[in-house]
Amino acid sequence: MRRPAPARTGHLSHARVIRAPPPGGTVWTVATTTLVKGARATRSTIAIKLAMAVSGFVFIGFVLAHMYGNLKAFAGHDSFNEYAEHLRTIGEPILPESGLLWILRLGLVASLVVHVSAAVWLWRRAQSARTVKYEVTKRRHSSLSSRTMRWGGLTILVFLVWHLLNFSIVKVNPAGGATNDPYNLLVDTFDVWWMSLIYLIAMGALAMHLHHGTWSALQTLGLTGTASARSRAKTAGWIVAVVVAGGYSLVPLGVLFGVITK
Amino acid sequence: MNLTLKIWRQPHATAEGAMHTYAVGDISEDMSFLEMLDVLNEQLLGQDEEPIAFDHDCREGICGSCNLMIDGQAHGPEVTTSCQLHMRSFKDGDEITVEPWRSDAFPVIKDLMVDRSAFDRIIQAGGYISANTGSAPEANSVPVPRDQATRAFNMATCIGCGACVAACPNGSASLFMGAKITQLGLLPQGQPERDSRVVGMVGQHDHEGFGGCTNIGECTAACPKEIPLDVISQLNKDLRTAIRNGH
Chain A
1 MRRPAPARTG HLSHARVIRA PPPGGTVWTV ATTTLVKGAR ATRSTIAIKL
51 AMAVSGFVFI GFVLAHMYGN LKAFAGHDSF NEYAEHLRTI GEPILPESGL
101 LWILRLGLVA SLVVHVSAAV WLWRRAQSAR TVKYEVTKRR HSSLSSRTMR
151 WGGLTILVFL VWHLLNFSIV KVNPAGGATN DPYNLLVDTF DVWWMSLIYL
201 IAMGALAMHL HHGTWSALQT LGLTGTASAR SRAKTAGWIV AVVVAGGYSL
251 VPLGVLFGVI TK
Chain B
263 MNLTLKIWRQ PHATAEGAMH TYAVGDISED MSFLEMLDVL NEQLLGQDEE
313 PIAFDHDCRE GICGSCNLMI DGQAHGPEVT TSCQLHMRSF KDGDEITVEP
363 WRSDAFPVIK DLMVDRSAFD RIIQAGGYIS ANTGSAPEAN SVPVPRDQAT
413 RAFNMATCIG CGACVAACPN GSASLFMGAK ITQLGLLPQG QPERDSRVVG
463 MVGQHDHEGF GGCTNIGECT AACPKEIPLD VISQLNKDLR TAIRNGH
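Top line first, the protein sequences correspond to chains A and B.
Here our numbering is used: position 176 in the first sequence is 176, and no number is missing along the way.
Here our numbering runs 262 ahead of the position in the second sequence, where the first position is 1.
No lab work stands behind these hints: they were computed from the structure.
All residues carry an ideal CB built from backbone N, CA and C; glycine is no exception.
Just so you know, not all the hints are guaranteed correct.
[Said to hold, decoys possible] Derived SDA-like pairs (lysine to any residue); straight-line CA-CA distance at most 25 Å:
no., chain 1, residue 1, chain 2, residue 2
1, B, Lys268, B, Glu311
2, A, Lys37, B, His509
3, A, Lys133, B, Ala275
[As the list claims (entries may be wrong)] Stretch by stretch, here's where chain B covers chain A in the computed footprint (C-beta under 8 Å, at least three residues):
no., stretch
4, 46-54
5, 116-126
6, 130-137
7, 145-159
8, 219-231
[To be verified] Negatives, chain B to chain A, calculated, CB over 10 Å:
no., residue
9, Asp292
10, Asp310
11, Glu322
12, Glu400
13, Ala401
Put together the whole structure using the sequences plus the hints.
Structure below.
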């Protein structure tokens, strides 16, 4: 008894039919008339999205841990600085000084490269998928945060550069004071109202990015296959956004309102 | 009712197109949107002008041929197909903009007609099950749980109209693929080719030039058959499983 032909062979026989000369040859204007042979799952748009989702989860883990550290500012000067110092000595003596920190940094840089390159790739792809724009568009069924992922993401990236210059790589103290004391650098920075404003605006952008990003990553990973799972994932997006952006914002607000002082 | 229509006119695929403005009068609110366009075309023929080309077939909302972007919404303001949209959804004196689906994978053939054969090729690339010909097998020999059969049926209601692509800011056809992947994935007959199906369909989708999904949800809101966003999750899950299985 003959077994049914495998799917791949099926593709080829159909491809021959499709390549037949067009009838009349006048309005045969399809973008492509070929069937793909030997498609690979790992080279698909969805594989890129998976990379985006996984690297996004790395960042969610990072911002939660970073936020926990920031909130130590409410415990006072010594507690905050001790935490900052402990980050550098954790894992010793098995690891060298700042060893674990560097492992984490490399992981974050790798995730950033993956996340941004996937975003650029998908952005360009979306642009070439519709080169003629609509005269009128009404997008009423998508959230603002979902439609601002790309520009919001860029905003966060610009903020990230600024933030690293401010607190890590260069260390800028807008009050002109010392930069070798993490707690004092934090209080001096947020004592300047416009510095606090920059950070609060960035947290707004981060909240919007996380609101759609969390749900979108769960959907990309295929974990939202039912209506209730989808609803839970959207709730998770709200929770992550509010907890992260709210938690971070407490510190500059605490400085501005005089709860955190030198 | 009297209406002003702004309609995309393009003589043929490679010609330049532009929006043209037309006035139609004496439109009954019980007419469908396509019947209103029929009235306009009668009027144009009477004036010795080229009638507006638009796709249509069953006019019952089940064939998926009619595809119009009406005032910036795929199939217009109601959750239905353009043929089942009635003029009672509009007011006397309205100005209505009508455009073809905009997607580079759906090139314009003429005026409001686009070539959606990219969808046929996505289905050809894996959206089927292989079955032996010959006498039909005993229908009850392969039991399918009732809820799965119902869900599979609901996903099979996709008519391939392309509204999901038209509404998507990224021009992605993920909802279309997801509906077929979910339908066949729920049934025992869909299992043997499950991995090669998703890989083939997604590969063809990417090859046709559709964009990537960003889970925005405009597609499901535009879908006249109300295919839910869950199917894109299923599509992603099936592709992830295919990667794990070495595809």
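Hints and how they fare:
At roughly 16 Å between alpha-carbon atoms, Lys268 of chain B and Glu311 of chain B fall within 25 Å of each other, so this suggested pair holds. Proximity of Lys37 of chain A to His509 of chain B is assessed by CA-CA distance (about 13 Å); at most 25 Å being required, the pair is judged to hold. Between Lys133 of chain A and Ala275 of chain B, the direct Cα distance comes to roughly 16 Å. Compliance with the 25 Å bound is thereby established for this hinted pair. Residue count for the stretch 46-54 of chain A with a Cβ under 8 Å from a Cβ of chain B: 5. That meets the three needed, and the coverage hint holds.
Chain B is given as covering the stretch 116-126 of chain A, and this holds because 3 residues of the stretch bring a CB closer than 8 Å to a CB of that chain, at least three being needed. For the stretch 130-137 of chain A, the assignment as covered by chain B holds, since 8 residues bring a beta-carbon within under 8 Å of that chain's beta-carbons and 3 suffice. A count of 3 residues in the stretch 145-159 of chain A with a Cβ less than 8 Å from any Cβ of chain B is obtained; the coverage claim is therefore met, three being the minimum. Given a C-beta distance limit of less than 8 Å, the hint that chain B covers the stretch 219-231 of chain A holds, as 11 residues qualify and 3 suffice.
Distance to chain A confirms Asp292 of chain B as a non-interface residue, since its nearest Cβ pair spans about 25 Å, more than 10 Å. Under the 10 Å C-beta cut-off, the non-interface status given to Asp310 of chain B relative to chain A holds; the minimum distance is some 23 Å. Every Cβ of chain A is farther than 10 Å from the Cβ of Glu322 of chain B; the closest lies at roughly 25 Å, confirming the non-interface assignment. Annotated as non-interface, Glu400 of chain B keeps its C-beta farther than 10 Å from every C-beta of chain A; the closest such distance is 18 Å.
Every Cβ of chain A is farther than 10 Å from the Cβ of Ala401 of chain B; the closest lies at roughly 19 Å, confirming the non-interface assignment.
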